[in-house]
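Trainee: In case you want the letters, here they are:
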Amino acid sequence: AQSVTQLGSHVSVSEGALVLLRCNYSSSVPPYLFWYVQYPNQGLQLLLKYTSAATLVKGINGFEAEFKKSETSFHLTKPSAHMSDAAEYFCAVSTGGGNKLTFGTGTQLKVEL
Amino acid sequence: DAEITQSPRHKITETGRQVTLACHQTWNHNNMFWYRQDLGHGLRLIHYSYGVQDTNKGEVSDGYSVSRSNTEDLPLTLESAASSQTSVYFCASSPALAGGNEQYFGPGTRLTVT
Numbered sequence: 001a002q003s004v005t006q007l008g009s010h011v012s013v014s015e016g017a018l019v020l021l022r023c024n025y026s027s028s029v030p031p032y033l034f035w036y037v038q039y040p041n042q043g044l045q046l047l048l049k050y051t052s053a054a055t056l057v058k059g060i061n062g063f064e065a066e067f068k069k070s071e072t073s074f075h076l077t078k079p080s081a082h083m084s085d086a087a088e089y090f091c092a093v094s095t096g097g098g099n100k101l102t103f104g105t106g107t108q109l110k111v112e113l
Numbered sequence: 001d002a003e004i005t006q007s008p009r010h011k012i013t014e015t016g017r018q019v020t021l022a023c024h025q026t027w028n029h030n031n032m033f034w035y036r037q038d039l040g041h042g043l044r045l046i047h048y049s050y051g052v053q054d055t056n057k058g059e060v061s062d063g064y065s066v067s068r069s070n071t072e073d074l075p076l077t078l079e080s081a082a083s084s085q086t087s088v089y090f091c092a093s094s095p096a097l098a099g100g101n102e103q104y105f106g107p108g109t110r111l112t113v114t
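For the record, the sequence lines run as chains H and D. For the first sequence, the positions run 1 to 113 when this note's numbering is used. For the second sequence, the positions run 1 to 114 when this note's numbering is used.
Looking at chain D on its own, in the form it has when it is part of the complex (with noise of 0.2 Å):
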C-alpha cells in the first residue's frame, strides 16, 4: 500500500544545530506540504512544493528550508535550530490535479530544541 512516512520520529538537539527531517511517499503525488503545530495555532504552512526542483515558501517559513530532487522526498532543514522551533512536524502530500484533492499526511516528527 502507498504511503507516507517521517523520520526520525522523536528528535532531541540542542539550539544552533542544523536537523533534517525526512519525509518520504510512495503515492507518486507532484504537491508535497510541510507544517508545524502548536498548540492554539493548529497546523501551519512551513514550505511545499509541487514538483521536482520546485519549492515555495508557507506562512511561517522563516529558519526552515526544503529541497526537491525526485518526486519521493521533500526533507526540511532547520539551518539553526532555535528553542521556538520546539513543535511537532508533519509531512503531507496530494496530487497534482484540480483543486479539492485531500492530503495525505504522514505521522510527524516530534521535534525538542533545548
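The following block holds chain H by itself, in its conformation from the complex (with noise of 0.2 Å):
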C-alpha cells in the first residue's frame, strides 16, 4: 500500500520569502511522486513530477522538488513567493501500472504582503 503524508494544512509566507512545502510518501516499491495545485473553484493541474530520473525536478511557475530516498521525502519549493501562488497544493505517489494516484490531504499556501 502506498500513502501520502503532508505536513502543515495551511502555511503562510510573506512576498517574495521561500516556500517550502511538505510530502512524505510510504511505498513498498519506488514510487512515482507528484504534486498538483489547485486554485479555487478549478480542477486540478500537474506542477511537477518525479519518475526515477533526476532527483531534483523543476516544475512551472519557479517551483522544483527534491527526491529524497533516505529521507522517504518530496518536499515543494519556490525561492520566492508571489501573491499569485496562493491556491491548494497536493502531493500524490503512484506505483506504476494504471496510473492510480494517492492523494495527501493538501496544504492550503497563503501569500501575504
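Derived from the structure by calculation, the hints contain no laboratory data. It cannot be assumed that every hint is accurate.
Partner residues are not named here, just some residues of chain D that face chain H (Cβ under 7 Å, in silico) [to be verified]:
(1) 31
(2) 63
(3) 100
(4) 101
(5) 102
Note that beta-carbon positions come from the ideal geometry of N, C-alpha and C, so glycine has one too.
Could you fit the two chains together into a complex? Lean on the hints.
Mentor: Rendered as C-alpha cells:
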C-alpha cells in the first residue's frame, strides 16, 4: 500500500519569501511522485513530477522538488513567493501500472504582502 | 485542443434520488478516474477504468457506480443520493502507458444533497 503525508494543512508566507511545502510518502516499491496545484473553483493542474530520472525536478511557475529516498520525502519549494501562488497544493504518489494516484490531504498556501 | 469536461458544474438534489455526473475527455486516454474532494481528506478515488467495458472500485466506491461504453466518457452514478455524498467530484484521465504518467483533471462538479 502507498500513502502520502503532507505536514501543515495551512502555510502562510510573505511575498518574496521562500515557500516550502512538505510531503512524505510511504511505498513498498519505487514510487512516482507528483505535485498538483488547485486554484479556487478549478480542477487540479500538474506542477511537476518525479519518475526516477533526476532527483531534483523543476516544474512550472518557478517551483521545484527534490526526491530524497533516505528521507522518503518530496518537498516542494520556490525561492520567492508571489501573490499568484496562493492556492491549495497536493502531493500524490503512484506505484506504476494503471497510474492510480494516492493523494495527500493538501496544503493551503497563503501569501501575504 | 484536447480537454476534459464535466457536467453539470453545480447540482442540487434530494436524498434518495439517482444522480448522474458526466465526464467527457478528448485526449483519447484509455485510463479514466473519478475522485471526490472533501475538507481534510484530499482527493479520494471512487472508481476507475482502464478501457472500454472495464471498471474497478476505488477506496470509497459504496453508493456509486460507473460504466464505460466508449473511450471518451465515464459517467458516475449515485444510485440513491445521501447527504454524506455532498462533495466536489473530479474526473481525470491519463494515457495507458507505463507508470509515471500524470492525470489530467476536469473542472469539477459541486454536488449538494439536501
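Trainee: Each hint should be assessed against the structure and marked as holding or not.
Mentor: Status of the hints after comparison with the structure:
no.	hint	in the structure
1	31	holds (6 Å)
2	63	violated (20 Å)
3	100	holds (4 Å)
4	101	holds (5 Å)
5	102	holds (5 Å)
Figure legend: structure checked against the earlier numbered hints; the only hint not met is number 2.
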